[in-house]
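> Read off the chains here:
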Amino acid sequence: MTDAIQDGPMLAADGRPLKRSLARALRAQKMRALMLIAPLLLFILVTFIAPIVDMLFRSVENQIVSETLPRTVVALEGWDPSAPPDDAVYAALAYDFIAAAERREHTRLGSRLNYETTGISSLFRKTGRGVDDIGEDYADQFIELNEAWEDPATWTALMGSADWNTANSGDVDGAGTLFQLSVAAREAFPEASDAYRSFARTIQAEDDDSPTAEEPWNPVYMALYRDLSAGNGASYDGPMADLIAEAMPAVASFEGMSPREAFEDIDDDWLDLDVWGTIEAFSDPFTAGYFLSSVDLQLTPEGVTAQPEEQRIYLLLFWRTLFMSGVITISCILLGYPIAFLLSNLPTRSSNLLLILVLLPFWTSLLVRTSAWKVLLQQQGVINDILVWIGLVADDSRLALINNQTGTIIAMTHILLPFMILPMFSVMKTIPPSYVRAAKSLGATNFTAFRRVYFPQSIPGIGAGCILVFILAIGYYITPELVGGRTGTFISNRIAYHISSSLNWGLAAALGSILLAVVLVLYWLYDRIVGIDNVKLG
Amino acid sequence: MKIKSLMLLTTGAALATTGAMADGHMAGSMTLVSWGGAYQQSQINAYSDPYAAMHDGLEVIWDESSAEAVARLRAMNEAGNVTWDLVDVVAADAIRLCDEGLAMEIDHDEMLAPAPDGTPASEDFGDLIVSDCFIPQIVYSTTVGYRTDVADWNGATPSDICAIFDTETFPGQRSLERRPIGNLEWALICDGVAMEDVYDVLETEEGVAQAFAMLDTIQDQTVWWSAGADTPQLLADGEVVMGSTYNGRLFSLIEEQNQPVAMLWDAQVFDLDGWIIPEGLPEDRLARTLDFVRFATDTQRLADQALWISYGPARASSAPLVGQHAELGIDMAPHMPTDPANAVRTFLFNYEWWADYRDDMDARFQAWLAQ
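Just so you know, the sequences run in chain order Z and A.
All letters in the first sequence, in the order written, are residues 322 to 859 by my numbering.
All letters in the second sequence, in the order written, are residues 1317 to 1687 by my numbering.
With the rest of the complex left out, here is chain Z:
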């Protein structure tokens, strides 16, 4: 051998380190493989993973409060929860609320907050009807002072930037260009200019109207009153300065309801600390509230507390779902193992026939199968009739086999049985009969041969069947709904309720996330204890 033994890394033919060039070749191969599955991967990502992630994201998402009531949320910072907030907060609420009512978003927020505090839904609906009257008394007094305040042009000249006014002068068709505030107005009248801009942009977007043609909402007048009486705009010298100069001393004698009184006038629940506490507690764009609700806790202004005892239900349902899925899995093993054993030991011809019988239920609608169980199991049903007829059960004490846990377990065991039998069967099929014969020839009894030789080899099939049945059972919905009655329903029935009926998608997403997490944890545990390599589907 003439090759000197070299130090350092081994080199490939082209002189690069072998490790690196190997890695490169492998990477190219991997990329090619990835390209091959890319269409499928993309398809799954877009149609399956993304919607699920989007749905799960709803369990923490809570932008609706800060988007619908942006000023209120800011004004409420630092609020002392022992007394209703001050007028500035109520004024901010008036500006937010009227814009939200115009966009028809206030009822939506009302339904959202009603999940947390009962009564907010109707409070918001009622307020939406009355909010345009807030500030009406000030509007009347401004107009009485000078009719120019009634003219939309006064307001656009006062509030709009010069550029915007030029672009939107004359007859404007539709909404015109997006309203821009003048710098002078923004500095002089912080509250009124903000309220006016919100008015202008809302009517532009919602009604396709131009601010040049519409008198502002009443709360805008209240905002101007609040600015002027606070002394804002004393040195204002922009357009309409003479009107401001005229109004400035006059506002001192204006009379009207303060923002808080105005809201109290609509509904005195606006003085309720619970309402404000709820708005404050849920003002963050993200919330743990849904997750807390799904474990029977609640987010209150005082922090996290337990739900009232008579409303606790989710932990019980989670526990029941896990417990009953376990019972169903075990009964599937007990019923399925002998069948799979028989199937795998019969001659192919008869085992195929029997296999068709196992598969037969798959060709019948799930609903039909479940309804059939109703007919069989009810108290005046076939099974009870037979039991009474043979005298096992007295006629007046027929067994309650349905509309309870028993019903759910019986019906679901039947429905999920094929998922247990099939993996067991395909694993048992591969166990050579000679092993058992060998064990027997070495002196083992039938039972020992089965226990020490056959059974251990069939465990991977049981494992696969258990995972399939348990995970399917944990998310089952329609069967428990139909035969579960009071005590046999699962957590998925509540998830379905919140998705389709109460529209509390956030809570449904949180419950779903927890269920998913529980399944993943159980899967991990299973992997640690049994080992996922020991699972075979055939």
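Just so you know, the hints here were simulated from the structure itself, not pulled from any lab data.
Backbone N, C-alpha and C fix where the C-beta goes; we use that ideal spot for every residue, glycine too.
Watch out, some of these pointers could steer you wrong.
Some chain Z residues close to chain A (C-beta under 8 Å, calculated; not the full set) [stated by the list, open to error]: (1) R379; (2) N383; (3) R425; (4) E426; (5) T428; (6) N435; (7) Q632; (8) N724; (9) T727; (10) L824.
Given the coordinates of chain Z, work out where chain A should sit on it, guided by the hints.
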């Protein structure tokens, strides 16, 4: 041959399109959503068949998704693709859809036909317009049916709603709907609360406890149903001796299937069903929907529907026009929940109250059930 038939097809399609286009700017098809079953059939017979006969080439598609309409509409709205034109929902769902901004606000006088005597639609429907987005169609009620052949009752017959809670005179299993709405009200009425005070009492903690305590007395003898067909089946099988369901279901059980069952009208809980138009329909589809809804909710059409099913028309002016059942030939008026003889003691949901308390009461009710 092939080309010829293709040409024929195209001409046919073109003709169909012109037929639809004859209505100007209206869409040539519409998708209506309802509940399926006998109810949807009554709507097809009374509304969409006559309308389609008047409009050549109009394609009417029926979808049976009303039960999950709220969730589906919200999903469609988020996806920006609303495929439904007119949706049949119960009043509570209409309120929710309106709150969520998923249903269009209706100007009832503007968009709906007046009564034959000129009364504007909003007066003809009256109080039944429970939401700005809701076009009432029928009044139905949840009421109680009982078997007439129960030996254990020794000849006693239920005469009022409280028979449900009277397990001594009327022993046997009952069936009630698996939701708090209606059951809490009945429980309070049978515990001595006056009908008009029910919601005031329910607003208090003690009142709710009182209602649940009353329900406690029958909890272990009650089957809780979630589908309207459950109680009729349970009654027919003798699985329960009395149970609540919709009056139309009891009508068909008693009159069409001749089962030994009778019904109570006492303290029937009125509810409403009607149309909503999804928010954000394109102009041509909206025009078609408005045209149809104006036709389908006029006085005669609402009265026609009652020929096929025993639900009361929502217009006051339709009541005198209700005739005989189209197949059985019996007078339908005495089977209407709104018939004066039946409506002696009735209950209309307080929708506003339930909109507020629904989440709370439901959590409580489910927790109570699960224990």
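> Indicate, hint by hint, whether the structure satisfies it.
Hints and how they fare:
Taken as an interface hint, R379 (chain Z) does not check out: its beta carbon lies about 11 Å from the nearest beta carbon of chain A, beyond 8 Å. For the restraint placing N383 (chain Z) at the interface with chain A, the shortest Cβ-Cβ distance is roughly 16 Å, beyond the 8 Å limit, so the hint is violated. Because the beta carbon of R425 (chain Z) sits about 5 Å from the nearest beta carbon in chain A, less than 8 Å, this interface hint is met. Because the beta carbon of E426 (chain Z) sits about 7 Å from the nearest beta carbon in chain A, less than 8 Å, this interface hint is met.
Interface hint status for T428 (chain Z): upheld, as the beta-carbon distance to the closest one in chain A is roughly 4 Å, under 8 Å. The restraint placing N435 (chain Z) at the interface with chain A holds, with a minimum CB-CB distance near 6 Å, inside the 8 Å limit. Here the hint on Q632 (chain Z) is kept, as its CB sits about 5 Å from the closest CB of chain A, short of 8 Å. With a least beta-carbon distance of about 5 Å to chain A, the hint placing N724 (chain Z) at the interface is held under the 8 Å criterion.
Interface hint at T727 (chain Z): violated, since its Cβ lies 14 Å from the closest Cβ of chain A, which is beyond the 8 Å cut-off. This hint holds: L824 (chain Z) has a C-beta 6 Å from the nearest C-beta of chain A, less than the 8 Å allowed.
Comparing the model with each numbered hint stated earlier shows that hints 1, 2 and 9 do not hold.
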